[in-house]
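Novice: Construct the entire structure; sequences and hints are all you get.
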Amino acid sequence: MNTQFDRRRAALFNLRFTVNVALVVILALVPVYAALTGSSFAMTLFTRVIILSLAALSLNLIMGFGGMVSFGHAVYLGIGGYAVGILAKEGITSGFVQWPLAIGASAFYALVVGALCLRTRGVYFIMITLAFAQMAYYVASGLDRYGGDDGQTVYHRSNFGAAFDLNNKTLFYYVCFAVLLAALYLVWRLVNSRFGMVIRGTRSNERRMRAIGFPTFRYKLVCFVIAGAICGLAGALLANHTNFISPAMMHWTRSGDLIVMAVLGGMQALFGPLIGAMTFLLLEEGLSRVTEYPDLFLGPLLLAVAIYLNGGIDGLLGGARRD
Amino acid sequence: MLYFIEQLLNGVQLGMLLFLLAAGLTLIFGIMDLVNLAHGSLYMLGAYFAASFAAWTDSFVLGAILAMLATLVAGMVLEVVAIRRLYTRSHLDHVLGTFGLLLFFNELVRLIWGPAGLTLSLPSEMLSAVELLPGLYYPIYRLVIIGVTLVVAAFLYIVVMRTRIGMLIRAGASNREMVGALGVNIKLLYTLIFGLGAALAGLAGLMQAPILTVQIGMGENILISAFVVVTIGGIGSIRGAFVAALIVGMVDTVGRAFVPDLLHAYLSESAASSLGRSLSSMSMYLLMAIVLVVRPGGLFPAASK
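Protein chains in written order, with our numbering: chain W, 1 to 323; chain D, 324 to 628.
Keep in mind that the hints are not guaranteed to be accurate.
To be verified - Label pairs and their calculated CB-CB ranges: (1) D/Leu590 to W/Leu111: 22 to 32 Å; (2) D/Ile488 to W/Val112: 40 to 50 Å; (3) W/Ala115 to D/Ile328: 34 to 44 Å; (4) D/Trp379 to W/Ala35: 51 to 61 Å; (5) W/Ile26 to D/Leu590: 48 to 58 Å.
Since the hints were derived computationally from the structure, they do not count as laboratory data. Beta carbons: idealized from backbone N, C-alpha and C, even for Gly.
Specialist: Structure (structure tokens):
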């Protein structure tokens, strides 16, 4: 009986493993497909998928594993994007300056805001992260020099020297892809480290973790900062991808999108946000081709996932949930 | 000084609208423990219904009453068809599901009423202004909004604090299993509460409709403001929602009216206007952040829980 059960579990695990590997392979082969068919559209779409996967992955680090539901995560897309856009406008196009600044500014914002937000919990945490993100949104709207409400074009992509030209679409795609793989590896290592155990333990029972002697506030804050830094990098990539920055990058509905992606894909799984981002963006794109009213179908679909699926789409891949 | 009083009244009026939205949200939040991002959609539906019914019946008041009834029914149907299945799920599933509903309603409205906005015009007797103080003329319609909301607030207070239904609502908020075990039809009660919340949101939407245009997505920004109100007031507390709505309405309106001028004393005109715009839009979020940092449970934390 028992061995049979174990074998079934092993098979289910393989299904998940297979799907995840397949996803990575598909993403790796998109430029090949684009080169064969000459479809630059696929490149644009999938670059977006990868960048938003990265953002959703960083959100999931705090939300799925740490139990900190941030409703203001898109703010880092904005901070990272504005770091690139503002420097570019002021004539500093070097990526060696822009990207570290995008990461650093996001981490700093996360440190300050996190220290304040982590005093609250539950729904209040959701709301206070939203409040700070809205403030950042209105700060960006007030930056008249950088386009105010309308945003501004970023005329030059980050410059890493002539040999490494991000204007080359294929190269840029693989840069994003490499960053995503690196982030997946980082999150995987983090979640399974001692640090990750503390974070996951805090999600299930913070009081108990404190009683054992862990300073949970500090652990959560560090986790919050790491997630912000990763998402800031995603913002820098996004500004380079669209050649455009605007306050809309950090509108609350964008933060909602990121939550939807992570929950849709499955929050308990490393690859969940990737699955979710891909499903969400491809569905949106596909539906808008066949119908004039895509959200009429996308909306109820999200509702159905919320009602019927345990652990999002990843939950369909088999039982073995880790916690 | 007169200008200040006028802005204060505008603040009260905005606060009243926010209260109508926040009262429904806080009831649904506090009693069903449901995070409802689709609440703004009901606000939008109320406005669209009112515009259609008013055009159909040729009467603003009749149209408004029909629209409120229609949002009540829409809310109850929505609860039975979809929302009911979300109660046992986590908050994040609520966000996912009701976000889906928000997308659905925006698209549905686009399908039925088209992408262009509608206008809802007031009857002539509500168009004029009255002289409240010597030299201070104030639009009648805004006073009507304040009056109607005060009546609704009093009605809500009486229903919740003085009637049997209200007793069940309060009991349901503190221990729903126990209320169910005592033989109360919890399902029906929830449907009613959700319908009530929907009707209040619809009322807010239809009253705001003549001031702004009726358009898709009109509920999204005010929804966030209503969440701010609910959070500042303390989740589940109608009294908190009322006080917080007034504070937020006034901070927002007075901020918009005076912050740019105040800054102008220190900064150049363009800098003052852009910075002032940002600061005044931020004011309510700043207020919420300060309240939560100082009192992590809001101003009037619900006693139970």
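Novice: Hint numbers the structure violates, sorted upward?
Specialist: Those not satisfied: there are none.
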